[in-house]
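The whole structure should be built from the sequences, with the hints applied where relevant.
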Amino acid sequence: MAEPVTEAAHAVAGAAVEHGSGGLPQFDLAQWPGQMVWMLIIFGILFFLFSKVFVPKLGGTIEAREDRISGDIAAARKMKEESEAQAAAVAQEVAQARAQAQKLAGDAKAKAKGESAVRQAEEEAKLAKSLAAAEVRIFEARDKALSQVAGIASDTAEAIVAKLTGKAASAAELKAAAKA
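Under numbering that gives the first Met the number 0, residues 0 to 179 are what the sequence shown spells out, in order.
Because the hints were derived from the structure by calculation, they are not lab data.
For each residue, glycine too, the CB sits at the ideal point set by N, CA and C.
The reader is advised that the hints may include incorrect statements.
Claimed, not checked - Derived lysine-lysine pairs resembling DSSO-like cross-links, with alpha carbons at most 30 Å apart:
| no. | residue 1 | residue 2 |
| --- | --- | --- |
| 1 | K110 | K128 |
| 2 | K125 | K110 |
| 3 | K143 | K178 |
| 4 | K128 | K143 |
| 5 | K112 | K125 |
| 6 | K125 | K102 |
| 7 | K143 | K162 |
| 8 | K162 | K174 |
| 9 | K178 | K166 |
| 10 | K125 | K108 |
| 11 | K128 | K112 |
What the hints assert, rightly or not - Derived Cβ-Cβ restraints for the label pairs, each shown as a range:
| no. | residue 1 | residue 2 | range |
| --- | --- | --- | --- |
| 12 | K178 | K143 | 13 to 21 Å |
| 13 | F46 | R76 | 36 to 44 Å |
| 14 | Q101 | E62 | 24 to 32 Å |
| 15 | Q34 | A74 | 31 to 39 Å |
| 16 | D66 | A104 | 50 to 58 Å |
| 17 | A87 | D66 | 56 to 64 Å |
| 18 | A87 | E123 | 47 to 55 Å |
| 19 | E62 | K102 | 58 to 66 Å |
| 20 | A100 | R76 | 32 to 40 Å |
| 21 | A104 | R64 | 30 to 38 Å |
| 22 | A90 | K112 | 28 to 36 Å |
| 23 | R136 | A168 | 35 to 43 Å |
| 24 | V52 | A73 | 38 to 46 Å |
| 25 | A109 | A73 | 50 to 58 Å |
Take a look at the structure:
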């Protein structure tokens with residue numbers, strides 16, 4: 000197996016000798032001046048392309064990007080200022096609405112309190128009138144009851160005396176006993 004590899008290596012080496020190659024052309028000093036000329040031509044072409052085509056396009060792209068970013072930032076700042084102004088206006092409107100609502104609530108409360116006081120005074124007057132009428136009726140009923148108590152007491156005393164003694168008491172004796 001080692002023989003076919005060795006034969007292939009000898010064949011390649013023999014072919015290189017047949018071409019008369021002395022190695023890589025970059026390292027052959029006789030070819031350096033031609034290589035230098037081509038290197039300067041290619042460098043000049045690349046320098047021209049970069050300086051006149053690629054860098055300006057890239058610079059234009061970068062500048063356009065910076066302009067767009069600057070424009071977007073300016074637009075964002077403007078929108079922020081507008082939104083802050085709108086937020087301040089809304090906050091002011093809310094404060095005004097809150098103050099107006101509190102004023103309306105205070106007015107309604109005062110009105111309700113006034114109406115309540117009027118109704119309370121009316122009800123108290125009605126109650127006082129009803130109380131006075133009730134007191135009059137109570138006093139009349141008490142006086143009537145007290146006027147009847149003497150008659151009831153004398154009738155009761157007469158019945159008790161008649162039952163205990165077996166004889167009826169006189170009206171004068173019963174009045175004297177009831178007053179005592």
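Going through the hints against the structure:
Restraint check for K110 and K128: the C-alpha separation of about 27 Å stays at or below 30 Å, so the hint holds. Taking the CA atoms of K125 and K110, the gap is about 22 Å. The hint holds against a cut of 30 Å. With a C-alpha separation of about 18 Å, the suggested pair K143 and K178 falls inside the 30 Å cut-off, and the hint holds. For the proposed pair K128 and K143, the alpha carbon gap of about 22 Å is at most 30 Å, so the pair holds.
A distance of roughly 20 Å separates the Cα atoms of K112 and K125; the hinted pair therefore holds under the 30 Å criterion. A threshold of 30 Å between alpha carbons decides the hint, and for K125 with K102 the separation of about 34 Å lies outside it, so the pair is violated. At most 30 Å may separate the alpha-carbon atoms for a hinted pair to count; K143 and K162 meet this at roughly 29 Å. The straight-line distance between the Cα atoms of K162 and K174 is roughly 18 Å, inside the 30 Å bound, and the hint therefore holds.
For the suggested pair K178 and K166, the alpha carbons sit about 21 Å apart, so the restraint of at most 30 Å is met. Distance check on the hinted pair: K125 and K108 sit about 25 Å apart at the alpha-carbon level, within 30 Å; holds. Simply put, K128 and K112 have alpha-carbon atoms about 24 Å apart, close enough for the 30 Å limit, and the pair holds. Between K178 and K143 the Cβ separation comes to about 20 Å, which falls inside the hinted range of 13 to 21 Å.
With their beta carbons about 42 Å apart, F46 and R76 fall inside the hinted range of 36 to 44 Å. Distance hint check: the CB atoms of Q101 and E62 are about 58 Å apart, inconsistent with the given range 24 to 32 Å. For the hinted restraint 31 to 39 Å between Q34 and A74, the CB-CB distance of approximately 56 Å leaves it violated. Between D66 and A104 the C-beta distance comes to about 56 Å, which sits within the given range of 50 to 58 Å.
Look at A87 against D66: about 31 Å separates their beta carbons, and that is not inside 56 to 64 Å. Evaluation of the 47 to 55 Å hint for A87 and E123 yields a pass: the beta carbon distance comes to about 53 Å. The given range of 58 to 66 Å is respected by E62 and K102, whose C-beta atoms sit roughly 59 Å from each other. Roughly 36 Å separates the CB atoms of A100 and R76, a value that falls within the hinted 32 to 40 Å.
A hinted range of 30 to 38 Å for the beta carbons of A104 and R64 is inconsistent with their spacing of about 58 Å. Between A90 and K112 the CB atoms are about 32 Å apart, so this pair conforms to the stated range of 28 to 36 Å. The hinted range of 35 to 43 Å is satisfied by R136 and A168, whose Cβ atoms lie roughly 36 Å apart. The hinted window of 38 to 46 Å between V52 and A73 is violated, with their beta carbons roughly 32 Å apart.
Between A109 and A73 the Cβ separation comes to about 54 Å, which falls inside the hinted range of 50 to 58 Å.
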